[in-house]
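Novice: Each chain is listed here by its residues.
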Amino acid sequence: MNLDLALLPDGGVSWLDASGDHADIVLSTRIRLARNVEGFAFTGRARDGERLRVLSQVRDAAGEVASLAHSVLLRVDELPAADRLLLHERHLVSRELAGLDAQHPVRSGAAVFLGPDVGVMVNEEDHLRLQTLRSGFGLPGAFTAVRQLDQELGSRIPYAFHDEFGFLTACPTNVGTGMRASVLIHLPGLVLTKEMSKVLASLQQMGLTYRGLYGEGSDVVGNFFQISNQTTLGRSEEELLEQLVRVVKTVIEREEDARRLLLRDAGYIIEDKVWRAYGTLRYARSLTFEEAMNYLSGVRLAVGLKLISGLSVYTLNKLLIFSQLAHLGHAEGRALTESEANLARARYVRQTLANEAAAQE
Amino acid sequence: MLCDNCKDRDSVVKLVQIVEGSPKELHLCEKCAAERGVETTVAAPPPELAKLLQNLQQQPLLAGGPASPAARDAVRCTFCSATLGDFRSTGRLGCAHCYGAFEGSLRDLLRRVHGSARHTGTRYEPPRPDALQRAVTLGELRDRLKRAIDSEQFELAADIRDRIRVLE
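As given, the protein sequences belong to chains D and H, one line each in that order.
Using this note's numbering, you'd call the opening residue of the first sequence number 1 and step up by one each time.
Using this note's numbering, you'd call the opening residue of the second sequence number 1001 and step up by one each time.
Hints were generated in silico from the structure; no laboratory data involved.
Since we're looking at a predicted model, the values are computed, not measured.
Incorrect hints may have been included.
Claimed, not checked - Derived DMTMM-like pairs (lysine to aspartate or glutamate); straight-line CA-CA distance at most 20 Å:
| # | chain 1 | residue 1 | chain 2 | residue 2 |
| --- | --- | --- | --- | --- |
| 1 | H | 1051 | H | 1025 |
| 2 | D | 318 | D | 78 |
| 3 | D | 273 | D | 290 |
| 4 | D | 198 | H | 1010 |
| 5 | D | 306 | D | 356 |
| 6 | D | 198 | H | 1108 |
| 7 | D | 194 | D | 253 |
| 8 | H | 1146 | D | 290 |
| 9 | D | 318 | D | 290 |
| 10 | D | 249 | D | 271 |
| 11 | D | 198 | H | 1004 |
| 12 | H | 1146 | H | 1086 |
| 13 | H | 1146 | D | 253 |
| 14 | D | 306 | D | 257 |
| 15 | D | 194 | D | 101 |
I would like the entire structure built from these sequences, with the hints used as guidance.
Specialist: Okay, structure coming up:
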């Protein structure tokens, strides 16, 4: 384990602090802008030397960019696999940049600038992925921050831009604004009332899409859905954001309605379900990640419905992230097998909930 | 196959019910399945892009361009040496210049993916030319030369070699 997490601004987890709007339902807001540097083949086709030159250009520019003044540069290509997984579990780098799939090993020149507010992945699918991640539902603030970074970097590094097609990207699904704005939202009420598939179908009709906890290609676990714009071309950043804000507000309202309905029509069933989830988390001796996620979803719902008190959303957020494989391994100081991780996970969850309960007494 | 219920949308789910002891199959679209309480979409939706890429080969590239699908696949970007066939198989373009090289095919693809092929968002002015100059380095030309040789683009390679000589 080479990575000293204390070096990262706020440990890279300030987005978990539940300080944002609607933080009990919306875990986080993320915006990323895809940009490529003019004069180089895109990352997937570039040679090692080209990728390293892209990185060095960004490093030179970053020194003069106010948005990155307090950032840390991590050479992802020089980190061991466990640390790369750790960064991915913390939602700081994508699966692709971390090179976690056997068929896509980590690329030379893969790096990430992590600042307190904004960051840049270098040599992901595109040369640059400018990004910001923050607590709760806060798209306008997130956009202001990432646009500022974009303007500062773009005035020092020549981006690949086309008059008709906009910002050019390796994948044509990102071309134009290069912007993907998303919110990670917890929707157990809509899932339990079987309304979810209707909501998802209407999202798709409106040019929005959804993914799982870790973005593209990931499964939905623990009733967490990542809702984002699907299209990036033909509408301005402001129009895309406005629509996403409007839709997410409606989804939040529908989730709140569904929760009220559940409580009214099936109060004792829900109460029993969430307390069983809490009991399992509080006393189980072995938990798989999926189990933990599903029970945590139940407990999160209970906290939202005020059925369980004295448990903070911040603690629940931390449990989601720190009960993952690489985080458990990092805490133990060694790589864990799956069954060891299940034991370590149950122990960690148990202790955290016990501490929280003790603090209340 | 059309949905057995609404007979309008494509069916996406097969529902097997046991009616009076014997199984009865129902093919339903997402909407009708949802109305019966069947969750169909809790896994991430499949990317549309793969399907659209398959159609690319069928479309004419540019007026007067190569006619046969194989010839279209062989159209090559002169900057990074990627072909339209490479793009079709990976879904990723090789470089910014590919957008010019495959413009005709891409414009149509972009319309299908985004509903538009014209950027209306933030405009961008690159930094002053003296800063741009730094991007075109000898090393970059050498990378392009290697790529051209790897893909047996000897005419292009000779051209790049000449430019390297001038700079050297």
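Novice: Okay, which hints does this one fail, numbers in order?
Specialist: 1, 2, 6, 8, 10, 13 and 15
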